Amino acid sequence: MPSFQRAAKGALADTQQRRNLAHATATIRAKRAAVVGEVADWEALRVAGADAKDEALHHLPDYLEQLEANLTARGATVHWARDAAEANQVVIDVARAQGADEVVKVKSMATQEIELNEALEEAGIAAWETDLAELIVQLGQDRPSHILVPAIHRNRAEIREIFRREMGRAGRAAPEDLTDEPARLAEAARLHLREKFLRAKVAVSGANFAVADTGTLVVVESEGNGRMCLTLPQTLVSIVGVEKVLPTFADLGTMMQLLPRSSTGERMNPYTSTWTGVTPGDGPQEVHVVLLDNGRSRVLADEVGREALRCIRCSACLNVCPVYERAGGHAYGSVYPGPIGAVLNPLLRGVSSDVDKSLPYASSLCGACFEACPVRIDIPSLLVHLRTQVVDEASGRSAEAAGMRAASWVFGDHRRLEAAQRAASLGGRLLGGRTIRSVPGLGAWTQARDVPTPPTETFRQWWARSHRNDGHTGEDA
Amino acid sequence: MSAREAILARLREATADVTTPVGARGEVPTISAAPASAAGTLDLFVDNVADYRATVVRCAPDRVGAEVAAALARGRAHAVLVPDGLEATWVEPSQAAGMWLRRDAGEDGSPLSPGALDEIDAVVTAARVGIATTGTIVLDHTEDQGRRALTLVPDQHVCVIRADQVVHDVPEAVALLDPARPLTWISGPSATSDIELDRVEGVHGPRVLDVVVVG
Ligand code: SF4
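Protein chains in written order, with our numbering: chain G, 97 to 573; chain U, -10 to 204.
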């Protein structure tokens, strides 16, 4: 895996991706701001959300045992998995016990993290992604680039091509006369997946929340593919990171206000399903829950870093991040992109690889992510904390040396410098007249001092705009 | 050591620094918008449900059957699924209009298979709770709503909710719900914004949602 900076270099050259991203993040930002503005006491909600997660995290063993007891009492089978291999094996064993050679899947970050689809394929079991964006990513043999809109880097024409080329190989082919209208593309996905939903014996899901005092799991979604997977097959396996625990059912009153408004910018997402073990005569009659560690206990042991485990994967921090908007999701080298990825990946995996070493520097420390975060994760402070770890690890190297490497990367190419300046001036627009702490890409170098808020237009942007007619157009106009 | 013991031991070690006892935060705080009036709450509910491009009508109790029949006619439904516990008068006018009312039972009396559900055009149900601030309807799948698959596979869902079931904000709804039941929170028809963020209604769930508010 290349470092963030190397991967981002390629992404910066991809104009299409940057346009898609800029449009998408701006749209979601505006929607989010409008629905958050409707809530009288948003700050009190954020505090309550952070407190609920902290209560669970600080006493995680107790709440997990409570969750397990309640699930078992309601007829579910609870499994524990130290790592990806153990979790994947549970799913493989359950599918084999049912004689299934395929499973349908609800979009789940945890299953991407453990590379479940690849493990199932090796075991001869097909895993069908059913979320529209995940379907696009899977059929396109691609990787997700955003938590909420994983195919955000693809435009409608590309999606049409992928559907026409690939759907027939995986099942029902796309209609001959498929156009690139979103409604037609969604219809093609509906038809393609319906036969899979109707015949599936085993489904795999994640969970947004797992409620300890009742044993209730919660899946939040939009399309109804989640409901299909959670309802029609007779066997359901849910992979749940141990940090997904909420202490009480009443905490859903807080979380179900915070999550939809922060993620899709809606008052409420179209569908939320909750289930508590097995309900006789309704839905899966065999319910498995896999409680997954895979590095989370390591994050929890970091007294500063542990607040990253509050994350409810809403993606608000991605949508406000000037660095994410330029670099795209793939550069983070993980299923967790954006500001939260820049802290969560090195916390989960340690800072020995190139990419994990570089991620704490993939930020301008502008603070927009912290302000957007519904559970008040102080991502900028965590990044600074991790930079210290990176520096400590690279013995003999000072923070300044690490910072200068980042600086030379930025200054080494005029396009990167422009991107950094534009990102900084975007920061200037977002933050109004406030001071920001650094220029993107130069984090460690400038973190010790404040730099003035950049102008909303850099000199290079002004030059590109005012000299457009002499053939020197701005790349990003 | 089993994976369970190993993980719990790691987590205990990781939280060894924590000195507060479990539950020290006290009562779960309820942060909830306050309703101006009962009428205001109901108006807000109707506006927010309609904002999701569901069709909402309000009617007196003796008009429910007529409004349900009108909604099914708009959706051109023929085969209509009726949960066992549904108020019979709610679907009598539909039957009189020639629609084919189906129970959740095949010829041998067992529940309809997913394939059989796929042949059905519409389903009519009651609801458990409505939430005004978000335009959400919550089903708890008791007898007047039927098991979860019934409101999922058919293409049209006509949902009848009484005015006194509508609460103002999310925490009030959560307090009324029974966690032991499977619950489905519905806010408009199924939708996706995955293609260039253009919202498309109707992906896998019902493409048409009609809400009849009684009283
Ligand atoms: S860190 Fe906060 S803003 Fe970012 S995805 Fe997680 S919960 Fe959302």
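Since the hints were derived computationally from the structure, they do not count as laboratory data.
Predicted model, so just to flag it, every value in this text is computed and none were measured.
Treat the hints with caution; some may be incorrect.
[Claimed, not checked] Only part of the chain U face toward chain G is listed, based on derived beta-carbon distances under 8 angstroms:
#, residue
1, Ala(-5)
2, Ala49
3, Pro50
4, Ser176
The beta carbon of each residue, even a glycine, is placed where N, CA and C say it ideally should be.
Status of the hints after comparison with the structure:
1. Ala(-5): Holds, about 6 angstroms.
2. Ala49: Violated: closest Cβ of chain G sits about 28 angstroms from Ala49 (chain U), beyond 8 angstroms.
3. Pro50: violated, 27 angstroms
4. Ser176: holds, 4 angstroms
In this structure, the earlier hints numbered 2, 3 are contradicted, and the remaining ones agree with it.
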